[in-house]
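S.K.: Please model the complete structure; the sequences and the hints are all you need to start from.
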Amino acid sequence: MIQYLTNNADTIWLALQEHIVLALLPVLFGFVIAVPLGYLAVRYRWLYQPLINTFGVLYSIPSLALFVFLPVVLGTKVLSPVNIVVALTVYTVALLARTVADGLRSVDPVVVQAATAMGYRPLRRLTGVELPIALPVVLAGLRVATVSNISLVSVGALIGIGGLGQLFTRGFQLFYVEPILVGIILSVLLAGLADLAIVLVQRAVTPWTRAA
Amino acid sequence: MNFTYLLDPAHWEFGAAGGIPQLILSHLGYTVLALLIGAVIALPVGLYIGHTGRGSFLAINAGNAGRSLPTLGLLMLMVTLLGLGLLPVLIALTVLVVPPILTSAYAGMRSLDQRVIDAARGMGMRPWQVLTRVELPMALPVLFGGFRSAALQVVATATVAASVGLGGLGRLLIDGLAVNDYSRVLAGAIVVAVLAVLVDLFLASIQRWIVSPGLKGTS
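Here the protein sequences come in this chain order: A and B. In case it helps, this note's numbering puts the first sequence at residues 819 to 1030. In case it helps, this note's numbering puts the second sequence at residues 43 to 261.
Please keep in mind that the hints were generated in silico from the structure rather than gathered at the bench. None of the values given here were measured: they were computed from a predicted structure. Certain hints may be false.
Said to hold, decoys possible - Now the in silico label distances, taken between C-beta atoms and shown as ranges:
| hint | chain 1 | residue 1 | chain 2 | residue 2 | range |
| --- | --- | --- | --- | --- | --- |
| 1 | A | Gln-931 | B | Thr-46 | 53 to 63 angstroms |
| 2 | B | Arg-168 | A | Pro-868 | 46 to 56 angstroms |
| 3 | B | Leu-123 | A | Leu-1007 | 14 to 24 angstroms |
We put the CB at the ideal spot given by N, CA and C, even for glycine.
M.R.: Following this line, the structure appears as structure tokens:
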């Protein structure tokens, strides 16, 4: 194991970097897309159920299928990392739009009315009052999305780009346990670190939740 | 978009090796087995932790820990260690379903109104009766939610079994990709997504059937 690590440090490091980019970029994109979508689903009530159902179906498409199928839709090359990023963004949006909507819905209407009465315009009220109150719920969803993205990236190795997943396929082809183990351990560690980071951010930006 | 593979009747011939019906059956086979084994492991543990409150830390964090384990890596590790067969697939998929079932069993038991349990005890129910007649039925909606999301995940993830040479609907994806036959890949993606929706609808109807009518107003 140690020998494998020292001999292949460069490959592993590259795979890890690729893994981080492929997993976290979609979280960023997904978050930016999901917040307005979630807001719309709350603002226009009739949108909520169809939106949730659509995302439910999107979420049930296997990642492998999405990875290989997106090139056909987007016209990208099969080996382009764009496919992985877009596919994971779809999953992130599917997951987060719902949590954003549920989080915004959980805001006490009395608070919203108070903010309106104080002269908050809709946009300022959203960013200054509603979103911060919904933040614990939204960040809980973000944790799930981030962790599952990190574990899903490796499936991309089946089509040739998958960060640490390439260690899995290599180990599998050579019938060699070390790369697979290293890949799993690094992937789990990465997920744990990302999860911890979000928890710390949440503690820092929502001090009022600790008072309760 | 090219639907020729999906719509070709030859690929739907029943019992034909590699035909879509046979792939669906093996896919469902992996799914059902993994869910059953996972439930047998996770339910008692989750209910026990929820009932006693001991080990809550484990139940809460099991969910995230389980999600962070890459199923593909686990599957390939198991195949490398144990050789090809049903066992490595079942281990990898079971590891996937245990956390959501465990967490939801725990959450379901925790969500109960303590007064109802006290009332049941006050009526003279024995601990076992309290568990089976009061706590379990009332925890069922939450528990079933976890079970359904576990089922959804397995149906989608069981496709990776094909990457180590086994069956299931992943065959359409892997083989289609290998020979650049996108209509086959598309067929695989559609069939898996439809299967996932059907499995969820099926479980939803079971849920409606077994959840006590007294609970439906609140759940």
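S.K.: Taking the hints in turn, state whether each one holds.
M.R.: Here is how each hint holds up against the structure:
Taking 53 to 63 angstroms as the suggested C-beta distance range, the pair Gln-931 (chain A) and Thr-46 (chain B) conforms, at roughly 57 angstroms. Hint check: Arg-168 (chain B) to Pro-868 (chain A), Cβ distance near 48 angstroms, so the stated range 46 to 56 angstroms holds. Range check, Leu-123 (chain B) to Leu-1007 (chain A): Cβ separation about 21 angstroms, and the 14 to 24 angstroms hint holds.
Every hint, counting from the list given before, is met by this structure.
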